[in-house]
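> What follows is each chain in one-letter form.
2 protein chains.
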Amino acid sequence: MHDWSLPTAYRYAGIVSGLRKEANRRDLALVVSDRPAACAGIFTQNRVAAAPVQVCKSRLPRPDARGVVICSGNANACTGEQGIADAKRMAQLAAIGIGCQAEQMLVASTGVIGRPLPMQVFESGIPAATRKLDASIDGINDAAHAILTTDTVIKVATRAVKHSGGEIRILGFAKGAAMIGPNMATMLAFVLTDAAVAPPHLQSMLTRAGQRSFNCISVEGHTSTNDTVLLFANGKGPQLSGTALEEYGNVVESVCVDLARAIARDAEGAKHLVTIEVEGTRNDAEATKIAKTIADSALVKTAIYGGDPNWGRFVSAAGYSGVMFEEKDLSLWLGDMPLYRDGVPLPFEAAAASAYLRNNREVTMRLRFSLGSGQCKFWTCDLTPEYVHLNADYTT
Amino acid sequence: MHDWSLPTAYRYAGIVSGLRKEANRRDLALVVSDRPAACAGIFTQNRVAAAPVQVCKSRLPRPDARGVVICSGNANACTGEQGIADAKRMAQLAAIGIGCQAEQMLVASTGVIGRPLPMQVFESGIPAATRKLDASIDGINDAAHAILTTDTVIKVATRAVKHSGGEIRILGFAKGAAMIGPNMATMLAFVLTDAAVAPPHLQSMLTRAGQRSFNCISVEGHTSTNDTVLLFANGKGPQLSGTALEEYGNVVESVCVDLARAIARDAEGAKHLVTIEVEGTRNDAEATKIAKTIADSALVKTAIYGGDPNWGRFVSAAGYSGVMFEEKDLSLWLGDMPLYRDGVPLPFEAAAASAYLRNNREVTMRLRFSLGSGQCKFWTCDLTPEYVHLNADYTT
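Those protein sequences? They're chains Z and G, same order as listed. The first sequence begins at 6 in the numbering used here and counts up by one. The second sequence begins at 6 in the numbering used here and counts up by one.
Heads up, a few of these hints could be off.
Copies of the same chain look alike in the list, so a pair counts if it works inside one copy or between any two.
[What the hints assert, rightly or not] Straight line, CA to CA, 30 Å or less: simulated DSSO-like cross-link-like pairs of lysine-lysine:
no., residue 1, residue 2
1, K294, K62
2, K294, K382
3, K382, K167
4, K382, K93
Quick caveat, the hints were computed from the structure, so don't treat them as lab data.
Based on the provided sequences and hints, a complete structural model is requested.
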């Protein structure tokens with residue numbers, strides 16, 4: 006456990022509701038703010054958006070949110086009108102338990118698509134979770150575990166920021182593992198702070214932070230139906246504004262980057278965290294497009310897995326990204342090793358490049374273009390036989 | 006071997022030039038038309054186009070082509086100015102051998118990116134290939150083998166068409182295996198016919214056929230630097246026009262579809278050929294966009310591999326394709342089994358659906374939208390541990 010600075014007036018629970026088949030597997034999380042909190046959200050851009058996503062979208066942003074209830078093991082996606090009713094009922098049960106209006110409670114789900122929720126599990130489980138709410142690290146630990154699917158570790162990030170009104174604390178936790186494609190927030194993440202921030206500022210801050218964190222990771226590029234990031238701010242002091250708001254936004258972004266990197270690092274079957282740095286494009290969007298195309302290529306991912314410095318795969322992926330460039334505009338490094346300069350292949354030590362890939366858990370490739378000042382930092386993982394095995398037999 | 010109807014006045018060779026390390030592995034193919042042939046080409050849309058692609062593009066379409074020389078094992082891509090000179094020299098050596106102008110000869114390559122061609126191999130190898138030219142099935146067999154990389158079988162398709170001027174024959178052969186993404190022609194294919202067709206007609210015919218065949222397959226969606234499809238027509242009779250030209254175009258298309266399907270079927274490590282039928286979109290382009298997004302999803306591909314009817318992955322892939330639709334617009338079948346109708350999940354026999362995937366080498370999924378009359382038929386393969394192993398150690 007980290008030495009966590011916990012934001013004030015939040016409580017957490019993570020329990021075994023019985024939604025999952027595995028005995029003693031936590032599958033229901035609840036996060037509650039003891040006072041009304043400003044809340045903003047960013048969501049999947051998939052046209053097939055899960056029921057809880059639709060419910061959250063209709064309720065956010067708002068100044069008086071009280072928390073979120075989350076289940077893992079069932080996505081409540083592709084479930085029609087019944088799914089919407091079920092998501093609303095989950096929120097209502099949590100709201101009854103803590104004593105607030107149903108609309109003040111948000112809801113999220115992750116798991117298998119296309120199965121109705123077994124609601125009887127929640128009729129008893131959600132009240133039980135409200136009775137277990139706990140403000141300590143134990144509560145966070147339980148909640149962070151309860152949202153996982155095939156993740157192997159919990160993902161938590163914290164920051165404390167000095168401020169004229171006293172210290173502000175930020176806590177984020179997330180789940181990832183697979184169905185991670187960078188189109189909005191690609192998983193579940195919850196960021197809690199005791200700062201006071203007006204909902205419109207909170208929303209624009211989260212949108213910007215998401216663009217540079219959760220939108221810059223990819224496991225296999227498959228955008229989930231359930232992606233949800235919620236940012237709560239329940240501070241009592243004067244609302245942040247001006248430079249203080251801007252600086253605070255940067256800290257929120259760094260929390261989001263930590264969580265996003267943790268998701269790429271703990272992707273299903275992954276053996277490498279790969280950072281792709283693209284610079285010198287006409288604008289940031291071009292850099293992101295190139296980085297995402299490289300990140301999503303199975304040929305790039307298998308080369309990294311195999312410790313094979315087959316850099317033609319990196320360059321050719323950039324070539325089909327849709328961004329216009331000429332070969333002479335492009336140079337490439339793997340770690341510190343230059344492999345390709347201004348469109349000309351460089352002699353390089355294949356054994357050293359291979360050793361770099363084989364001996365490091367975290368590796369970096371850098372593509373430099375001569376077109377402008379656009380840039381992007383993007384995170385992905387390798388593609389391993391374990392990923393295939395894990396996903397060849399997930400529902401059945 | 007099929008009972009092939011061979012187009013007249015073509016000869017073929019496939020030899021061991023020494024480009025590949027493996028002893029006795031054919032790596033150099035030559036196809037020659039004994040009389041000047043109209044020739045059209047379609048090529049990769051990758052911004053990083055290999056040297057032979059650039060040379061072909063500058064020479065096509067033309068009325069007097071005499072053939073194409075092809076090497077496998079080295080892509081001659083990302084090789085700068087030297088690569089262009091080397092590709093031209095390959096064509097020149099073949100032209101000298103058969104006695105024509107260098108510009109009448111085309112050139113193609115496939116293999117590892119970023120390595121200079123060992124030209125001394127071709128200085129002797131290409132003259133040797135010209136001496137081995139053979140009009141029989143043996144010659145075709147040699148040539149079809151010499152262009153393969155990790156393919157496990159040769160891909161050949163033939164047709165014979167009755168025509169007022171006598172029978173027209175069409176022969177196509179191709180290679181695929183990996184780095185197959187549907188943006189133009191995604192591999193090497195050569196289609197030879199003894200029809201008489203003017204170059205502009207030949208070009209538009211090939212463009213249209215490619216759009217419905219090679220552009221409708223995907224292995225991992227990584228568009229190669231070297232994709233090349235060439236269509237030769239060396240007929241002496243009157244040039245095809247009107248209805249006869251149109252009918253002939255349909256036959257050319259069916260040859261291209263045969264080759265494209267054969268590539269998806271023999272993709273690296275593939276255990277399934279998956280046909281994705283999309284219908285009822287606003288236009289064909291939308292149907293193709295949806296089909297390609299599904300085809301490129303690692304989660305869809307691993308589900309097929311595992312015999313797991315996890316249809317939420319199919320629907321959610323459609324959802325992030327970029328095509329606008331509502332869930333109620335969509336219905337889904339796996340084989341004959343309806344799984345999802347008008348946005349509502351249907352009860353289905355998971356065991357029967359799983360058996361369908363496990364027991365069939367070729368499987369079909371169908372997505373029906375209620376938006377219009379657009380449609381597409383698309384072919385892909387599953388993602389297997391073998392694919393990962395094959396690509397984790399390809400260059401080194």
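> Against each hint, give a clear statement of whether it holds in the structure.
So, going through the hints one by one against the coordinates:
For the identical chains of this complex, K294 and K62 are neighbours both inside a copy (27 Å) and across copies (27 Å), given an alpha-carbon limit of 30 Å. Both within a single protomer and between protomers do K294 and K382 lie at most 30 Å apart by alpha-carbon distance, with minima of 11 Å and 27 Å respectively. In this assembly of identical chains, K382 and K167 lie within 30 Å of each other by CA distance solely inside one copy; the values are 28 Å within and 59 Å between copies. Taking the shortest Cα distances, K382 and K93 never come within 30 Å of each other, neither inside one copy (37 Å) nor across copies (39 Å).
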